[in-house]
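A.B. asks: Chains as they are written, first to last, in numbering that gives the first Met the number 0: chain A, 0 to 300; chain B, 0 to 135; chain C, 0 to 113.
It should be emphasised that the hints constitute simulated quantities derived from the structure, not laboratory data.
The beta carbon of each residue, even a glycine, is placed where N, CA and C say it ideally should be.
Hints should not be assumed to be uniformly reliable.
[What the hints assert, rightly or not] Across the chosen pairs, the derived CB separations fall in these ranges:
| hint | chain 1 | residue 1 | chain 2 | residue 2 | range |
| --- | --- | --- | --- | --- | --- |
| 1 | A | G271 | B | Q13 | 40 to 50 Å |
| 2 | B | S6 | A | A83 | 42 to 52 Å |
| 3 | A | R42 | C | P1 | 25 to 35 Å |
| 4 | B | L20 | A | G96 | 51 to 61 Å |
| 5 | A | V52 | C | P1 | 18 to 28 Å |
| 6 | C | P1 | A | A83 | 39 to 49 Å |
| 7 | B | Q13 | A | E57 | 49 to 59 Å |
| 8 | B | L20 | A | G261 | 47 to 57 Å |
| 9 | A | L163 | B | Q13 | 17 to 27 Å |
| 10 | C | A36 | A | D223 | 15 to 25 Å |
| 11 | B | E61 | A | E119 | 39 to 49 Å |
[To be verified] According to the in silico footprint, chain C covers these stretches of chain A (three or more CB under 8 Å from chain C):
| hint | region |
| --- | --- |
| 12 | 40-46 |
| 13 | 144-158 |
Each chain, written out:
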Amino acid sequence: MIEDFDATTESGPQGPDVGPALLGELVAHLRKVRPALREEWTRRITDAQLLSVMTPEEIFSEVTAVYDNYVDALETGSVEALEAYAKNLSERIIPRGVETHEVLGVVLLLRDVLARSLFEKYQNDSHLLNRVLDAYEPAANRIAVTVGVSFVQERERIIRQQQLAIRELSTPVLKVRDQLLILPIIGALDTGRARQLTEQLLHGIRENRAKVVVIDITGVPAIDMPVADHLVQAVRASGLMGARVIITGLSAEIAQTLVNLGVDLSMMQSVGDLQGGIEEAERQLSYAVTRTAEGVREPEA
Amino acid sequence: MQIASDSDTVVARQAGRDAALRVGLSRTEATFVATAISEIARNITVHAGRGEILIRARTEGERTGLLVVATDEGPGIADLNAVLRDDYTSQAGLGVGLWGARKLMDEITITSESGKGTTVSMTKWCGPNEVTGLLG
Amino acid sequence: MPVSILKQREYLIASVQSALTDTEVIELRDALLSEVAKHRARGVIVDVAALDVIDSFVSRSLSTVARTNRLRGAKTVVVGIQPDVAAAMSQFGLTLDSIDTALDLEAGLELLDG
């Protein structure tokens, strides 16, 4: 049952509740006057200088779709289809710079345009007009909220994505040669960054088919328990993907911290500096290569 | 959703993963959630026969996350502390699953009483992503 | 059971095609054990690239397969663990200690040949 739309039943001359019939009448009316109202709405949008980034043709096409979805939502009482449309619309217009106040403004203008049309039609019967508004207002408001919320959620999702992308750019995993990756870490590490580094490292192992990874922490001043934990997990996870990890630049302080935290250092291979680490990695890789398939000779690196 | 067989578990895992992504968790975090659900759902099918898993978004102030609640009316856990403590090494018990869920999720609450069933409630919060309005 | 098991030289290659229920994991485990015996394989590669979740049960089953195979003189290599799954497993503490792992089928074969 379409609960939102039940007009308050009073024992009036009309008798028992005629909610659904009235609603049907409203919807039919709104569909009939669609061309005129659509034009009016577009005019108001332009007057209010909203959606300025869109061309008149684009506005017209979106306006038509929104109008139809709006009236459908009024009719069915279900905002599901409208939500899906709003999300889709948001995905398209957010990258073009449409802002929240524009979307809200546009939806509210439509609400006003439709309301005025209803006023005009029923103005001679104030009792009926009241019932019409009782049916229309809650539904219209719910629609406005749905569209607004969908838009804002989509914005937030995009912002999060962008933030992740920015962080990724600042922590590169470098492919030095076939099967060897280097991950130089510079600066203080927090768990957020450590988590992201691990993710990048593991994806890098897959993309580059790395067998050895050299993680250089020369540039890291100190680490705490959660970060040390992440480091250990990164090493373990790399192992699960068939890659060995060599840690270089492990300062005496950090080594001590790790020992104090109970980290099992024997599971990590540590070499003094980055250069030494790379040489060790190459040694491990060429050893593996000369052992590979009979008759295949890899050129000496 | 109902959990009564191990194919339900697969459905629950996927649902958990999808919900996690919708809520804004990263792919890796979504995998953590799916894995935790796999463990908890197994506890249900193996120890209680059937149960239910509820998955929904959760917000607390500035942060959002995913909440998973698993309930069953099975035999319950008599001594919760014992199970949680070191039972990880006893590979086949409830302990492994709960232990794993604890490591994979951010918050976890377990309520259980012998003969009265078990409820596991766990949450994964979105990582430190401050939505500071980059779009202005 | 959405797993294909093929013989390549003296090795068996089991490729998981999609997510597995616990029952299917058991079927896989049993199939591997019997096929290794039947073909007297010297090595088994289990390709889990299609698994989006590897939990304690899968981990345990793989360990069982590896240990039993070792008794029969066969080496087991698990390949294709996805980055997210590897992260989850190591967070969980599932290390597959007794099993060799490699990135993919090619790397797995190199490991077996070596």
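A.B. asks: Any of the earlier hints contradicted here, and which numbers?
C.D. replies: 2, 3, 4, 5, 6, 7, 8, 10, 12, 13
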